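Number of protein chains: 2
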Amino acid sequence: MIETPYLLFLGDAPDQLAAKVAQGICDWRPDNAVGQFRMDGCKADLGLTDMTLAEAKAAGARTLVIGVANRGGVISQAWKKVLVAALEEGFDLASGLHSLLRDEPDLVAVAAATGQSLHDVRVPEVKYPIADGRKRRGKRCLAVGTDCSVGKMYTALAIGREMQARGMKASFRPTGQTGILITGDGVPLDAVVADFMAGSIEWLTPDNDPDHWDLIEGQGSLFHVSYSGVTLALIHGGQPDALILSHEPTRTHMRGLPGYALPSLEDLRDMSLALARVANPDCQVVAVSVNTKAMSEDEAIAYIAETEARMGLPVTDPFRFGAGKLVDALAAI
Amino acid sequence: MIETPYLLFLGDAPDQLAAKVAQGICDWRPDNAVGQFRMDGCKADLGLTDMTLAEAKAAGARTLVIGVANRGGVISQAWKKVLVAALEEGFDLASGLHSLLRDEPDLVAVAAATGQSLHDVRVPEVKYPIADGRKRRGKRCLAVGTDCSVGKMYTALAIGREMQARGMKASFRPTGQTGILITGDGVPLDAVVADFMAGSIEWLTPDNDPDHWDLIEGQGSLFHVSYSGVTLALIHGGQPDALILSHEPTRTHMRGLPGYALPSLEDLRDMSLALARVANPDCQVVAVSVNTKAMSEDEAIAYIAETEARMGLPVTDPFRFGAGKLVDALAAI
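Residue numbers (the numbering used here), protein chains in the order written: chain L, 1 to 333; chain Z, 1001 to 1333.
In short, the hints are calculated from the structure, not lab data.
Check each hint, because a few of them may be wrong.
[Stated by the list, open to error] Which chain L residues face chain Z? A few, computed with CB under 8 Å, are given here: (1) Pro-30; (2) Ala-58; (3) His-98; (4) Val-123; (5) Leu-189; (6) Asp-190; (7) Val-192; (8) Val-193; (9) Tyr-227; (10) His-236; (11) Leu-257; (12) Met-271; (13) Val-278; (14) Ala-279; (15) Pro-281.
[Said to hold, decoys possible] Dumping the calculated DSS-like pairs for lysine-lysine here, alpha-carbon to alpha-carbon at most 25 Å: (16) Lys-1081/Z with Lys-1057/Z; (17) Lys-80/L with Lys-1043/Z; (18) Lys-1127/Z with Lys-127/L; (19) Lys-1043/Z with Lys-1081/Z; (20) Lys-169/L with Lys-135/L; (21) Lys-43/L with Lys-81/L; (22) Lys-127/L with Lys-1080/Z; (23) Lys-57/L with Lys-81/L; (24) Lys-1169/Z with Lys-1139/Z.
From a predicted model like this one, the values you see are computed outputs, not experimental measurements.
Yeah, the Cβ is synthetic: ideal placement off N, Cα and C, and Gly gets one too.
Isolated chain L, as found in the complex (with noise of 0.2 Å):
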């Protein structure tokens, strides 16, 4: 529904971190992204080539992507500038900010004008369900964290790549606005309002065949205030049959959040297990995914294998060695 390929918006980006929607389509489907356009004090950069609206228009990028999220998801005056010119430039828009597209008079009267679209991934378009927490068929995985932003997305994506190479039946699922924006449909999960949240995950990952994967992007942690119950409404909608644990090493404590230190992986194994089995009492949990971004391989490989003994869970790095533990520890179960 959305047209690519993509012109990818960093704004005034005040990290690399504040660009993982950028980042994710870059990585999942380059083939979407023709390049990246990025504002004064930008502080992102996926290495694509940084395109004027003109070069990227002549270069076919049909979409301009809000690529970056702010914290409350505002749509500044600054880029307000760049959004007008691109669709008066014959772009459309697609965002996931909480601050919609649909919502800026002036987008819309440029929109209108000009003939474009605005797509906001993030407004749910499905009436969900209340969930009512019965059995489905077919198997679930769920990645869980120790903080937001450790890499569950591409963990679950990682998985996903790895399962259809071997032939194995699985679908992503995603929650965000990112995986929407990847796969072109999903739950906009912390956009549904409270009541239906584990009713929209249900809806998300309906009865399947026996031997098929749901791979459901998680969100959040349990142990971040600001959004930990989004996060159970994904474990109990979920009913995952595996837990797999994510975590980023060097993080010093809860993403915006300076007083709050990070759980142990054990505590976060033990927490989301105990709450997993209220929902399906045969969830295992079968592996830690590591983001080991901020590493050299060498660190990264010592702490995987330190992990791995400690924690009696098979541990790697799905983006940077590949997912293959993580599928086998899912297949064998």
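Chain L is fixed; fit chain Z onto it per the hints.
Quick look at chain Z alone, frame taken from chain L:
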């Protein structure tokens, strides 16, 4: 803002529990309820005088309050006839259902024609922040339940009444439609967008005097897969100093989930406390509040004594026997 007194509309409630909104108003603001309106097949009864619309009008009622909750919250055609007639009779309408009065074209048209108001108390009217987890001054108490609808709101209201009688500083903080209809303000938590749930509770319970108690209305249960995410947002946004465990001893399975057993009070204590200490390391479980409505007085007394011995905590039914024990426990921390 909602004009009192009320005529309480019970519709075709399938059981007494479905009328808990009306029951709450009736129990905590009896002066506001002049009578009840029941349709054919209604299985709920508040013990109020059954009135026609004309009789209620003559008795002084100003607003027809929809005091019954359906699963999914739909406004049926059978109800619609009564609601239209009520507007024509000169009543305002107030509702806490997910389906909004304002989304029903016929009600909107009749309200406009008659000059009456439609109040949807479930709709958030504030742009809530994302939770920042900052420690706030003042004390906070939250009731957490083994299940939904076990008496968490009553517990908070009863504690508030007892604290005020003792001259303590206390505020009841509603998080659901009944509480909002009782007090006139609060956060309709189950209708808040997922990302802002915890932030809405921080907003509801701001910095206060060191000896002031916020008595936060609980919602759902960590063990109820349909609503557990809402409960966890309440625990992390509320950062309670004190938890009170709420339980209804005769419940045979989780409400609405026939395949799900209730957790033990010990499981509730351990899970709630571990999660609450993420936001407030000093949090304590101070007491147990039991809803003994379905038990004889002898049974209730025996159950309370047995539970007190087993849990090593003060236990009572605050609605039946008063909230003194609970307030004693809170005053001691």
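Quick rundown of the hints versus the structure:
1. Pro-30: This interface hint is violated because 29 Å lies over the 8 Å limit.
2. Ala-58: Not OK, violated: Ala-58/L not within 8 Å of chain Z, min 38 Å.
3. His-98: 7 Å, holds
4. Val-123: 11 Å, violated
5. Leu-189: At about 6 Å, which falls below the 8 Å cut-off, the nearest Cβ of chain Z leaves the hint on Leu-189/L intact, so it holds.
6. Asp-190: Nearest chain Z Cβ about 4 Å off; hint holds.
7. Val-192: Holds, about 5 Å.
8. Val-193: Status holds, d = 6 Å.
9. Tyr-227: 7 Å, holds
10. His-236: 4 Å, holds
11. Leu-257: Where the cut-off is 8 Å and the nearest Cβ of chain Z is about 5 Å from Leu-257/L, the hint holds.
12. Met-271: 7 Å, holds
13. Val-278: Since the shortest Cβ distance to chain Z is 5 Å, the answer is holds.
14. Ala-279: 5 Å, holds
15. Pro-281: Violated, because the Cβ-Cβ distance from Pro-281/L to chain Z comes to roughly 10 Å (cut-off 8 Å).
16. Lys-1081/Z with Lys-1057/Z: 17 Å, holds
17. Lys-80/L with Lys-1043/Z: 56 Å, violated
18. Lys-1127/Z with Lys-127/L: 22 Å, holds
19. Lys-1043/Z with Lys-1081/Z: 19 Å, holds
20. Lys-169/L with Lys-135/L: 20 Å, holds
21. Lys-43/L with Lys-81/L: Measuring from Cα to Cα gives roughly 19 Å; hence the hint holds.
22. Lys-127/L with Lys-1080/Z: 22 Å, holds
23. Lys-57/L with Lys-81/L: Between Lys-57/L and Lys-81/L the Cα gap is close to 17 Å, so the pair holds against 25 Å.
24. Lys-1169/Z with Lys-1139/Z: Holds, at about 10 Å.
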